[in-house]
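Participant: Chains as they are written, first to last, in the numbering used here: chain A, 1 to 234; chain B, 1 to 251.
Don't read these hints as lab results, they were simulated from the structure. A couple of the hints might just be wrong.
Stated by the list, open to error - Derived CB-CB ranges, DEER-like:
1) A:Gln25 / B:Tyr123: 38 to 46 Å
2) A:Ala210 / B:Glu240: 43 to 51 Å
3) A:Val86 / B:Glu248: 36 to 44 Å
Cβ coordinates follow ideal geometry from the N, Cα and C atoms, glycine included.
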Amino acid sequence: MLRDAKLIAGKDLRIEMVSKVLTTQVIPFGLLVLILFGFAIDPDLQAVGRGVEGNSRAVLETVAPGLFWMAVLFSSLLAIGRSFAVESVDGNLDALRLAGLEPSGIFLGKAAAVLVQLTVLEVVLGLGALAIYGAPVGHPLLLGVTVVVGTVAIAAAGTLYAALAAGLRVRDTLVPLLLLPVLAPVLLGATIATGAALFGPASDGWPWCAALGAFAVLYVAAGILAFGSLLEDS
Amino acid sequence: MTTIDTAGSTKDATATTGSKGTRMLGAVVAVGFVALAALALFITPPEATQRDAFRLIYIHVPSAIVSLYIAFSITLVGSIMYLWKKSVFWDLMAEASAEIGVIFLGLTLITGMLWGRPTWGTYWIWDPRLTSTAVSFVLYSGYLAVRRLDMDPTVRSKRAAILGIVSFANLIIVRYSVQWWDSLHQGQTFDVADTQMDGIMLFTFVFGVIVMNLFFGWLLIHRFRVAWLEHQIADVGLTEAIEARRREGVS
């Protein structure tokens, strides 16, 4: 299973190296979303923050964690869509199965490739968010763990739902409808944990981080179990 | 072309979703709703603090119970049974139940918002119950969207069954995460549960739950039978098409 996963992940990442969809389309899209949020929310607006001293803080800075994760979610829809777009042409999914790969391995591989791409995306978006929204980083460790765990959750759930819609003409409209409500708890947890990592106290963030971990484990397990019957007759 | 006529004559020509049992159940439900309206609107006294607005509880809570607890549980069971036994019965049952569940959930949201306006002063608050219900509504709308997909019925049923199971898990996750999230804010939620109900009000409330469940059962039977007939038509259509080809070959 793990060998198959490695093969699939390697294949997907090689396709990405050649096509450069992530760097030329997905990441610019994410940055664009970040900038548009800045237009939507007046950067000069002040709000009473939930900060350490409860002092006032710019609204944009206060909501920066949420905006960052929203940008990640929207961009991840593109990355996940892309991950299955490359499989739906010429009956590629059938070919993968004919090649004797385990379905659970295919799931893990595709999710891992999405995970790698999303992590790159998040580093860029994160730096962008810190720069243009002007938020401090109080607890780098919590921030790092949150990003990693949250991304595993998004990649696993996204891969599972994208497989549900694989090979359909309405895939592009269906996946957001199915996936976004599912990821609502991830957005919640990741936003709160990131907020705690930026403005503290970190103890507010760790329980949410653990919840994200539980969600991630659940979806990785669900994907491993369900992928076989999803691919059976796609 | 007379294919439709022959199709009708080979199968049950007077196919209908009604039967003696459902007509009786339907009559009970109709009488029940009249009685519920009388109880809820006239016989019960207005509540001490919320006055007449409180009367919404007699349909709001029953519809929430029907959709979130009954309908989606049937969808879950149907989905599991379909994956296990591959029976069309459970597949159609899951679909029928989810469809009615989404309608009842919509009803819950609308009555809840109408109730919120006079009691909370606003249609919407970020209360965990409201928020998770709204997310669940979208979640199961997605399930229904998958059921409508134009694709091979067997593949669709299988994917829908997986979705039906995962959606139920999500229902629970969303519910708890939102609840936890809300505990961070200081909630100004008016808790419905702490209102003491007794006597005729409690009776009306329980009566409402029973009537709404019977109504759901009645709808479910009909919706299931429609789905069953649709399924048979698809089969008949296929047989007809094959026979038409055969005749072409002979002549």
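Participant: For every hint, state whether the structure bears it out.
Facilitator: Here is how each hint holds up against the structure:
no., hint, verdict
1, A:Gln25 / B:Tyr123: 38 to 46 Å, "39 Å, holds"
2, A:Ala210 / B:Glu240: 43 to 51 Å, "59 Å, violated"
3, A:Val86 / B:Glu248: 36 to 44 Å, "42 Å, holds"
Violated hints amount to a single one, hint 2; each of the other numbered hints is respected by the structure.
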